[in-house]
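Asks: Please work from the sequences and hints to get the whole structure.
From first to last, the protein sequence lines are chains A and B. For the first sequence, position 11 (counting from the first letter as 1) is numbered 11 according to UniProt numbering, and the numbering increases by one without interruption. For the second sequence, position 129 (counting from the first letter as 1) is numbered 129 according to UniProt numbering, and the numbering increases by one without interruption.
Hints listed in this document are in silico derivations from the structure and should not be mistaken for laboratory results. A couple of the hints might just be wrong.
As the list claims (entries may be wrong) - No farther apart than 27 angstroms at their CA atoms in a straight line, the calculated lysine-lysine pairs in the DSSO-like style are these:
#, chain 1, residue 1, chain 2, residue 2
1, B, K69, A, K119
2, B, K61, A, K111
3, A, K111, A, K61
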Amino acid sequence: GPRPAGGGAYWVDSQQKRYVPVKGDHVIGIVTVKAGDVFRLDVGGSEPASLSYLAFEGATKRNRPNVQVGDLVYGQFVVANKDMEPEMVCIDSSGKSSGMGVIGQDGFLFKVSLGLIRKLLAPKCEIIQELSQLYPFEMVLGMNGRIWVKAKTVQQTLIIVNILEACEYMTAEQRKQALAKLSGN
Amino acid sequence: FMQRGLDSQTKKQLEEEEKKIISEEHWYLDVPDLKEKESCIIEERSFLRCEDLVYGRMSFKGFNPEIEKLMIQMNSKCKEEEIEEDDKMEADVSDEEMARRYETLVGTIGKKFLRKRDQRVLKDDDEDEDDEEGSSNTRPSKRAKKMFLKPQD
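Replies: Below, the structure is given as structure tokens:
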């Protein structure tokens, strides 16, 4: 339902699975095509986004970033409207990468609904706080519904993935029970 | 030519008749025009603007220390909390090394640019310190360089 925010804005909540590119959103994209100077990334929208090889920190015409087809890239949209193909970059306005760029090897990418992403990105999210107590791991959340997780072992990674996926429909109680079982192991 | 005029006249008459018929059929409101209110609704595609969202890349329990630093940086930008850790970036060279380097480096480079008189003064000072070898080594090599080498026949 509609909720108030700090700035006096109200918005309508709705469950949505399909992502629509929006300027400024940080998303995880998969490189599908490497076409000369530009990469095409699948971001889960209606069309692939383009990413120039110069849009990385420290990239020049001679110093090209090491991006291959099939790589995962975390970046933000600079152009995203219904009339044009969306464009992404992996640097922010000051030219620094600040965490964006190619996401490393290993790890696991999976898809969740946009509503869950919003929950996870809320400040002081309980799910995140509880998970962070479990094992050391790292995670990248894309606003396009994609999450990438990497932990020390495959088993730990999959456990975290399963919990996140299940958070869609689990209540807080069920989640705490599940986590208690796991940390007991 | 009269025919053409007649034609245009008949056309006009026909048009007028048509208009009358049509205008009678048109419905119109007797209500006075409503003032258009400025719409306070802005359509926004993403909830990025609505909520104070945390940065999307995160790491826990020291899995990826760079990202953990980034998390603190990014989240403090949003919340403007005081950063408890030092703001200093980890230096490649420690402070002690820096001090040692400076001691020796600045001295030797400084000597290079001194005039001859000052160099002699320095040399006297150096002989008192431990830098004897250094300065005495440089002396002969400089002299060697300055001296003209006769080409061998």
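Asks: What hints, given by number in increasing order, does this structure fail?
Replies: 3
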